[in-house]
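S.K.: Chains as they are written, first to last, in the working numbering: chain A, 1 to 234; chain B, 1 to 377.
Honestly, the hints are just simulated from the structure, not real lab data.
Be aware that one or more of the hints could be misleading.
As the list claims (entries may be wrong) - If you anchor each label on the Cβ, the simulated ranges turn out as follows:
1. Gly349(B) <-> Ala177(A): 48 to 58 Å
2. Asp223(A) <-> Arg364(B): 30 to 40 Å
3. Ser181(A) <-> Gln373(B): 27 to 37 Å
4. Val265(B) <-> Leu80(A): 45 to 55 Å
5. Val81(A) <-> Gly349(B): 36 to 46 Å
The model shown is predicted, which means the values in this text are computed figures rather than measured ones.
Where a beta carbon is used, it is the ideal one built from N, C-alpha and C, also for glycine.
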Amino acid sequence: MTAAPLVLLEGIAKQFGTGETAVRALSDVNLAVGPGEVVGLKGPSGSGKSTLLNVIACIMAPSAGRLSLAGEPIWDERYLVRDLRRLRRERIGFIFQFHNLLPFLTARDNVALAMTLAGQPRAQARQRAQALLEELEVGRRADAMPARLSGGEAQRVAIARALANAPPIILADEPTAALDSERARVAMDLLRRVARERAAAVLVVTHDEKIFDRFDRMVALRDGRVEAEVLRSA
Amino acid sequence: MNLALADIRHGIGRFLITCVGIGLLLGVALSMVGIYQGVVREALALTRSLGAELWVVEQGTRGPFAEASRVPGDVREMVARIPGVAAAGGLTLRTAEAEGPQGRIRLQVVGYEPGRPGGPGSLVEGRALGGARFELVADARSGLPLGATLHLGADRYRVVGITRGLVASGGDPLVFATLRDSQEMQFRQAPPAARRALAAGALPAVTDTVNAVVAVLHPGADPSAVAETVRRWKHLSALTAAEQEDLLTRSVVQRARMQLGIFTVVLLFVSGVIIALIIYTMTMDKRREIATLKLIGAPDRTIAGLVLQQAMLIGAFGFVAGLVLLLSVRDHFPRAVELGVFEVAVMAGVTATICLLASVLSIRAALRIDPQQALGG
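Based on the sequences and whatever the hints tell you, model everything.
M.R.: Right, dumping it as structure tokens:
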């Protein structure tokens with residue numbers, strides 16, 4: 001990896017509680033994800049995957065260490081950025097296990113919403129949302145409500161929403177858990193393509209062994225520490 | 001894009017059912033306000049219809065509505081001669097029950113002298129009373145049609161005119177009879193009772209008694225000064241129209257007003273609690289969506305706007321539903337339901353305030369939702 005990392009964690013630790021009841025969820029985690037890289041994060045339940053994702057998403061403050069996103073220092077003993085929601089809007093795209101599309105908006109409006117929240121005019125946002133859905137081959141389902149979408153279609157719409165503001169970082173939480181093997185592989189190929197084309201850093205939390213071969217690197221966590229880092233495709 | 005409207009469109013059935021429920025609640029609250037206003041209007045209906053500027057009653061009483069009052073009939077001639085008085089007329093008031101075309105009805109019989117103050121202001125049908133006896137002008141609320149006959153006391157009366165909106169403070173419809181007829185109805189003894197009184201040495205009963213004398217003043221005359229002149233007679237007391245109205249609203253219907261007022265406040269409080277619970281439940285049902293919105297960077301104002309707009313829309317639709325419901329059934333209420341533009345505007349403001357306050361709890365809860373809830377299963 002030669003380019004500057006878009007996600008950089010240095011000595012990140014997270015502790016819940018104090019004294020004898022303190023639980024160390026993360027200890028001295030170091031991780032760097034560069035542009036165009038798709039990194040998997042695996043580990044048994046309670047290993048700290050979700051905590052790490054929450055820390056990178058800036059919805060949970062670490063107890064120690066340093067965090068930089070897209071080259072900007074975000075945490076160093078305290079948050080160095082005041083508006084964390086703006087940071088998430090503009091720099092991070094999220095993909096969820098159950099897609100989390102708003103059930104009362106059409107597929108197109110779900111994608112457009114992310115852009116209107118970032119200040120784009122509605123008409124322009126809808127136009128761009130349609131283009132994104134076309135690009136991800138679900139353009140014909142743009143007017144469908146989420147409940148009418150298949151699992152694969154909903155995941156593509158969710159990916160389109162994550163890409164809406166062209167964020168440099170994409171965080172995905174078990175994105176293939178609700179998909180069958182074939183659709184899971186298709187979704188991961190899509191994420192790989194997006195990462196390459198947009199030079200985005202993609203970090204995926206997963207238990208799904210059938211997609212392990214789709215990552216550039218696989219990071220294994222155990223008891224809050226990075227146990228192993230395996231380079232899948234050199 | 002408006003998230004509140006999109007969510008409502010998505011669950012339109014649930015929204016409409018909620019609005020109907022809120023509408024029924026607000027409809028009851030609106031009807032309480034209407035009944036409250038109706039009680040006041042009905043209490044003043046008779047005095048305003050008569051157009052009397054001065055009420056002369058028995059000394060030491062605040063009659064004829066708040067207390068019983070009896071004065072000799074010739075007092076009207078004395079009052080008519082007081083400087084400032086243009087005309088005066090005797091008035092009797094008596095509640096009666098009679099068999100009407102649709103069953104037994106309760107009436108307030110007002111006796112007055114045609115051509116003198118004390119008669120109904122205007123008729124909607126038929127004619128006013130003239131010199132003929134055993135005729136009535138009845139309010140439409142009595143259900144008596146023009147030409148109907150009914151027994152009052154020992155005599156049969158015929159309805160020759162119809163008024164609208166004239167009821168006593170208790171809600172009984174008014175019927176007007178000539179003073180002579182009403183005096184006989186009220187003060188004449190039945191023949192056996194009269195014979196027994198004569199045998200016991202009593203003088204024949206005097207029927208030229210009235211409950212009050214009402215007077216109309218010359219333009220420019222000061223009602224208070226004329227009332228003061230009347231009060232110099234030891235056996236009489238006088239009330240100006242303003243004093244009579246004040247007495248009616250502050251004394252005669254005061255308990256009813258307070259009861260309705262307190263009940264309305266309690267009902268609005270209950271409405272507020274129910275609206276708050278509904279909005280809170282609606283908000284908590286969207287916990288995952290709100291967490292997702294926060295995670296993808298929606299500012300607090302977007303989330304607060306979603307909750308607040310839905311609360312206001314529920315309030316607005318519920319209010320309109322309640323108002324339409326009330327306006328469509330209010331004529332079937334036994335007493336007047338007075339709902340003017342002012343009352344509707346005030347209640348709309350109160351409803352908006354309730355919804356605003358009710359949404360505060362839900363907005364606080366929504367803003368406390370942890371975006372982490374969007375992650376994981």
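S.K.: Find the hints from earlier in the document that the structure breaks and name them by number, from lowest to highest.
M.R.: Hint check: nothing fails, all pass.
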